[in-house]
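Those sequence lines, one after another, are chains A and B. First residue of the first sequence? That's 0 in numbering that gives the first Met the number 0, and the numbers climb one at a time after it. First residue of the second sequence? That's 0 in numbering that gives the first Met the number 0, and the numbers climb one at a time after it.
Simulated from the structure, these hints should not be mistaken for lab results. All C-beta atoms, glycine included, are put in the ideal place defined by N, C-alpha and C. Certain hints may be false.
What the hints assert, rightly or not - Output of the computed footprint for chain B on chain A, the stretches with three or more beta carbons under 8 Å from beta carbons of chain B:
(1) 56-67
(2) 78-86
Unchecked claim - One side only, chain B facing chain A, incomplete, derived with CB under 7 Å:
(3) G24
(4) F27
(5) V44
(6) G149
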Amino acid sequence: MRRLVFAALLAPGLALAAFLPSDRLADPAAEERAQSIGREVRCMVCQGQSIEDSDADLARDLRRIIRERLQAGDDDGSIRGYLQNRYGDFILLRPPFSLATGLLWSTPLLALLFGLFLIRRRRAVVVPAAPLTPEERARLDQLSG
Amino acid sequence: MSDLAPRPRRRLLLAAPLGVAALGGLGFWYMLSGLQNGSFNPRGVPSALLGRTPPDFALPPVEGMSHPGLSSADLRGLARPVLVNFWASWCVPCIIEHPQLMALQAEGVPIFGVSYKDRAEDARQFLSRRGDPFTRLGADPPGRVAIDWGVYGVPETYLLDRQGIIRWRYAGPVTAEIMNEDIKPLLRRHA
Numbered sequence: 000m001r002r003l004v005f006a007a008l009l010a011p012g013l014a015l016a017a018f019l020p021s022d023r024l025a026d027p028a029a030e031e032r033a034q035s036i037g038r039e040v041r042c043m044v045c046q047g048q049s050i051e052d053s054d055a056d057l058a059r060d061l062r063r064i065i066r067e068r069l070q071a072g073d074d075d076g077s078i079r080g081y082l083q084n085r086y087g088d089f090i091l092l093r094p095p096f097s098l099a100t101g102l103l104w105s106t107p108l109l110a111l112l113f114g115l116f117l118i119r120r121r122r123a124v125v126v127p128a129a130p131l132t133p134e135e136r137a138r139l140d141q142l143s144g
Numbered sequence: 000m001s002d003l004a005p006r007p008r009r010r011l012l013l014a015a016p017l018g019v020a021a022l023g024g025l026g027f028w029y030m031l032s033g034l035q036n037g038s039f040n041p042r043g044v045p046s047a048l049l050g051r052t053p054p055d056f057a058l059p060p061v062e063g064m065s066h067p068g069l070s071s072a073d074l075r076g077l078a079r080p081v082l083v084n085f086w087a088s089w090c091v092p093c094i095i096e097h098p099q100l101m102a103l104q105a106e107g108v109p110i111f112g113v114s115y116k117d118r119a120e121d122a123r124q125f126l127s128r129r130g131d132p133f134t135r136l137g138a139d140p141p142g143r144v145a146i147d148w149g150v151y152g153v154p155e156t157y158l159l160d161r162q163g164i165i166r167w168r169y170a171g172p173v174t175a176e177i178m179n180e181d182i183k184p185l186l187r188r189h190a
């Protein structure tokens, strides 16, 4: 019960901290779209957070810009492009696929292929055991009775 | 007994983790030495505008100051390379870097300022107390032009060559080392 009361007391504060109501769009669908774009945009000040989670001044400015452009009729890609033109790929939390990030994205695949290659090689290397020589055969018969 | 003889392939496989560790160590050493001499800054993000001209903009002068404002037209076809410095009176690192800007201005290098999210009277007071290194000074109270430049915090300093192409950007206070090791060589190269 006490925990519930605490949660109830804290919840509005948390919501307010990241977001002033005046920054939100009236249309819930548009607001949802804006938030989904914002969650993929890095806050350049705090760097580990998205602008939707950040309190930084710049993050608030960028949230506003996203909403402005969205209302001006831009699609998600061109809003991301707008930010990317100014701040580079680093502003996107999910690095885009390009020549420079190609190795980054293909590393898991390359590691898998390398592993498969090793397994194949190991399999190929296994040589059938040489047949027993007559002496070995005799010794074995002696031991096993 | 053939399987007791060491197989070269197996030896190679044993050496592989050692090789990987050695490579990792080398990379780590390289990174640490870069941290030490300042050539590698893990928090630094290269500007997306390097090698490009700045975006179109026109900033009014700071109210009550005799400097003209700053627009993209002022950054084309220059007689010599210039610095563009984004700053604010409320920004503590800007106080730290201020003497460097004053010294550079005394050498005749034009420094164009952008007053970022600041009040005119605060900006005026800051400059009258600490000296005024700027030849032009644009006011950007909403910080929108700064966003167009990819500024993510003040102070931020850009170096533009004579064609107005951005050649260098530094986020953070300009120190004497940065002045001597980065800015001055670049000014000479693009003179």
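**Q.** Numbers of the earlier hints that this structure fails to satisfy, in rising order
**A.** Violated hints (numbers, rising): 3 and 4; every other hint is consistent with the structure.
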